[in-house]
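S.K.: The chain contents come next:
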Amino acid sequence: MLDLSLLPDGGASWLDASGEHADIVISTRIRLARNLEGYAFTPRARDGERLRILTQVREAFASLRSIEDGVLVRVDELPPEDRLLLHERHLVSKELAGLNDQPVRTGAAVYLSRGVGIMVNEEDHLRLQALHSGFHVSDAFGVIERLDAELGNKVPYAFHNEFGYLTACPTNVGTGLRASVLIHLPGLVLTKEIGKVLAGLQQVGLTYRGMYGEGSEVVGNFFQISNQTTLGRSEGELLDYLVRVVRHVIEREEEARRVLLRDAGYIIEDKLWRAFGTLRYARSLSFEEAMNYLSGVRLAVGLKLISGLSVYTLNKLLIFSQLAHLGHTEGRALTESEANVARARYVRETLAAEAE
Amino acid sequence: MVCDLCKDGEAVIQLTEIEGSGVRLLHLCEKCAAERGVETTLTAAKPQINNFLQTIHEQMPAAKGEPAQCSFCQATLADFRATGRLGCAHCYDAFESSLRDLLRRVHGNSRHIGRRYVAPLPSELPHVSSATELRDRLKRAIETEQFELAADIRDKLRGIE
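Order-wise, the sequence lines are chains A and B. Basically the working numbering = 1-based index in the first sequence + 793. Basically the working numbering = 1-based index in the second sequence + 36.
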């Protein structure tokens, strides 16, 4: 079984709730898509090509100064439950983990260090990503920018004079930059403003997804907001723009929360305490239920209705109450109903420990 | 729980209505909620369908004068239309004008104005040594108008051959 404690930070420092607006913005992720010269892009490359890519970048990783204590994980050699574990912890994409309709690719790997990861043989040869707690766009980008400059000096990237950094999918070409924030918007959902806000995002060149990126459902009022275009604007412009719009969304969310408390105070309070009660005492919880109640409790903590519960604990509950994480704790793969019982127990015990 | 209005569908949302000083709680199914103009998380928040593949299908005829396939990876435009993924970096040259149009539609622009990349010199690269890789890099250097780099690579290549 994969031992995540071998990673410099357990791969979980992004949950520590240290960033700005941490109760609303869970995390900030920056990723750059890069490809090496001289090979077909990953989806078209043969197994041998992908393995050569891995060998080439592996050597480069070892000499990187901007990443310390990195650990290379051969995702293609892991059993499915460990691949799911990495995905649940937001360290690898669904595609790299072979959890889409395609099986895991030979040569799929990830190089991990504190808050930084490099996926190898994802849709692009390299996906450099930084994952930070809270709303920390420029810090996260700074880390990735340095890493990119250093790595680009060790391996030759595919770059085109007109089109910029070349990627397998033309929706990523140019800067190869995708900046996204994972944001919790229960106030806008409850006041039914969310539809307008989301439609507005699309009009200004941003997009939204569920918690697990492309194709994932929105659960627990968690949204991932990111830039949609990658070409024709500089990295700085793309980031500034995202920051400005997300700040505006945060203001709208805060306003919605004030309206809820003002106009429906006791109903909201009742609803949120019930969510808390369920999490404290339930004996079986499906993932979706847990997410929805956790959303309620998170809102209650943000509104200061419930005290003595840290945002860090809430973040941890989101991630560690997922199927592969529960199985990892129990030391074996769980069926869905076993997982529901294990989830309720884990949530109960975590909340009880925090209350002491 | 059954919907308070139609008494038929399963209630998926709890609607709090505020009328004057009174507050009323309604449990609604998705259909009744929609009829009252309420967007549930289910209806409002479905991630938008990626219509990129559709864009490719509808708006990307092969431009005249483009090769049938990429000389490096042998991918064709039909492959691209089917998967939405290009085969390799050279496809961007092979299908340049078709892609330029597509990029304008997708990004509103086809010219990269962000950071520019300068490939490291071959002598600084630990791993590049074989003539095949050098030839490949020479071609790319010429294509991206990095002529100094191209001259360096050519000299290296002569040394090997």
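Think of the hints as simulated: they come from the structure by calculation, not from any bench. Each hint should be verified, as a subset may be incorrect.
Cut-off 30 Å, straight-line C-alpha distance, at most; resulting in silico cross-link-like pairs (DSS-like, lysine-lysine) [claimed, not checked]:
1) Lys887/A x Lys1097/A
2) Lys1064/A x Lys985/A
3) Lys985/A x Lys1097/A
4) Lys67/B x Lys1064/A
5) Lys67/B x Lys43/B
6) Lys67/B x Lys947/A
7) Lys192/B x Lys175/B
8) Lys947/A x Lys175/B
9) Lys192/B x Lys985/A
10) Lys989/A x Lys67/B
11) Lys1064/A x Lys175/B
12) Lys985/A x Lys175/B
S.K.: Confirm or reject each hint.
M.R.: Each hint, compared with the structure:
1. This hinted pair does not check out: Lys887/A and Lys1097/A have alpha carbons roughly 36 Å apart, beyond 30 Å.
2. Among the hinted pairs, Lys1064/A with Lys985/A is consistent with the structure: their alpha-carbon atoms are about 17 Å apart, no more than 30 Å.
3. The straight-line distance between the Cα atoms of Lys985/A and Lys1097/A is roughly 22 Å, inside the 30 Å bound, and the hint therefore holds.
4. For the given pair, Lys67/B sits about 23 Å from Lys1064/A by alpha-carbon distance, which is consistent with the 30 Å threshold.
5. Between Lys67/B and Lys43/B the alpha-carbon distance is near 12 Å, which keeps this suggested pair within the 30 Å criterion.
6. Between Lys67/B and Lys947/A, the direct Cα distance comes to roughly 57 Å. Violation of the 30 Å bound is thereby established for this hinted pair.
7. Taking the CA atoms of Lys192/B and Lys175/B, the gap is about 14 Å. The hint holds against a cut of 30 Å.
8. This hinted pair checks out: Lys947/A and Lys175/B have alpha carbons roughly 19 Å apart, not beyond 30 Å.
9. Restraint check: the Cα-Cα separation between Lys192/B and Lys985/A comes to about 65 Å, which exceeds 30 Å; the hinted pair is violated.
10. Our distance criterion of 30 Å between C-alpha atoms is met by Lys989/A and Lys67/B, whose separation comes to about 19 Å.
11. Proposed proximity of Lys1064/A and Lys175/B is contradicted: the alpha carbons are some 65 Å apart, above 30 Å.
12. Of the supplied pair hints, the one linking Lys985/A and Lys175/B is violated, its CA atoms being roughly 56 Å apart against a limit of 30 Å.
Violated hints, in rising order: 1, 6, 9, 11, 12; the structure is consistent with all others.
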